[in-house]
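The opening residue of the sequence shown carries number -5 in the working numbering; numbering runs sequentially from there.
Careful, some of the hints might be misleading.
Unchecked claim - Listed next, the in silico EDC-like pairs over lysine to aspartate or glutamate satisfying Cα-Cα at most 20 Å (straight line): (1) Lys67 with Asp56; (2) Lys106 with Asp69; (3) Lys125 with Asp154; (4) Lys134 with Glu178; (5) Lys106 with Glu60; (6) Lys36 with Glu63; (7) Lys134 with Glu173; (8) Lys106 with Glu178; (9) Lys64 with Asp127; (10) Lys6 with Asp160; (11) Lys134 with Asp69; (12) Lys174 with Glu24; (13) Lys106 with Glu66; (14) Lys110 with Asp42; (15) Lys110 with Glu60; (16) Lys134 with Asp160; (17) Lys110 with Glu170; (18) Lys106 with Glu63; (19) Lys67 with Asp155; (20) Lys125 with Glu111; (21) Lys159 with Asp131; (22) Lys174 with Glu32; (23) Lys36 with Asp56; (24) Lys134 with Glu66; (25) Lys106 with Asp42; (26) Lys6 with Asp154; (27) Lys110 with Glu32; (28) Lys6 with Glu32; (29) Lys159 with Glu170; (30) Lys125 with Glu173; (31) Lys152 with Glu178; (32) Lys36 with Glu26; (33) Lys6 with Glu63.
Worth flagging that the hints you see were computed from the coordinates, not collected in a lab.
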Amino acid sequence: MNTLIFDGSPHKNGDIAALIQAFCRQLGGETERIRAYEVQGKVSACVDCRACWKQSGCAIQDGMQEIYEKIEKADVIVIASPVYYSGLTGPLMSMMSRLQCAYANSRFVGTKLFVKEKIGAVLLAGGGNGKPDSALDTAKMLLRAMRAAPAGSAMALKTDDVPAKDDAAALQAARELAEKILRESGEKAE
């Protein structure tokens, strides 16, 4: 199984990393992690040029072209992000804005940027008093744009008090989500 993780955290070993680690240990297979904070400058945001309204793909030629290929090859797509003001992080949203061409290609050109169907998952971490609902809804929408049917989510939402690496319930939820994906992928293979 080939898993592609979009990591929206600025921290390589923070709360999101703990959830990703628990998830991946349970899931197994090959995993690639694309860190949004590291692709800044290599992948620009959508500029609404609307070229994708008239032609397949995206007119901006940068690092996102390689990411589109990785998305198509993946069996599982994960959106993993801290929750900032009830949303996904800015660098993650900047990169993910480039999925706009998937929608526009389908609607206006009649082509599909992504053909292969996948399974999707969401991992969120947050502290403070914000709610994750908006971030979760956005993540699910992004998964659907990549043709990844959302299988569920795992969240560590009290990280101001308990780091995700110490949140037994959140880590268990990440492992259970991986197990669910393994079951679903097995059912699809049969």
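Comparing the hints with the structure gives:
| no. | hint | result |
| --- | --- | --- |
| 1 | Lys67 with Asp56 | holds, 19 Å |
| 2 | Lys106 with Asp69 | holds, 17 Å |
| 3 | Lys125 with Asp154 | holds, 14 Å |
| 4 | Lys134 with Glu178 | holds, 17 Å |
| 5 | Lys106 with Glu60 | holds, 17 Å |
| 6 | Lys36 with Glu63 | holds, 16 Å |
| 7 | Lys134 with Glu173 | holds, 19 Å |
| 8 | Lys106 with Glu178 | violated, 24 Å |
| 9 | Lys64 with Asp127 | violated, 28 Å |
| 10 | Lys6 with Asp160 | holds, 17 Å |
| 11 | Lys134 with Asp69 | holds, 16 Å |
| 12 | Lys174 with Glu24 | holds, 17 Å |
| 13 | Lys106 with Glu66 | holds, 11 Å |
| 14 | Lys110 with Asp42 | violated, 25 Å |
| 15 | Lys110 with Glu60 | holds, 16 Å |
| 16 | Lys134 with Asp160 | violated, 26 Å |
| 17 | Lys110 with Glu170 | violated, 25 Å |
| 18 | Lys106 with Glu63 | holds, 13 Å |
| 19 | Lys67 with Asp155 | violated, 38 Å |
| 20 | Lys125 with Glu111 | violated, 30 Å |
| 21 | Lys159 with Asp131 | violated, 24 Å |
| 22 | Lys174 with Glu32 | violated, 30 Å |
| 23 | Lys36 with Asp56 | holds, 6 Å |
| 24 | Lys134 with Glu66 | holds, 17 Å |
| 25 | Lys106 with Asp42 | holds, 18 Å |
| 26 | Lys6 with Asp154 | holds, 18 Å |
| 27 | Lys110 with Glu32 | violated, 27 Å |
| 28 | Lys6 with Glu32 | holds, 10 Å |
| 29 | Lys159 with Glu170 | holds, 16 Å |
| 30 | Lys125 with Glu173 | violated, 26 Å |
| 31 | Lys152 with Glu178 | violated, 29 Å |
| 32 | Lys36 with Glu26 | holds, 17 Å |
| 33 | Lys6 with Glu63 | violated, 24 Å |
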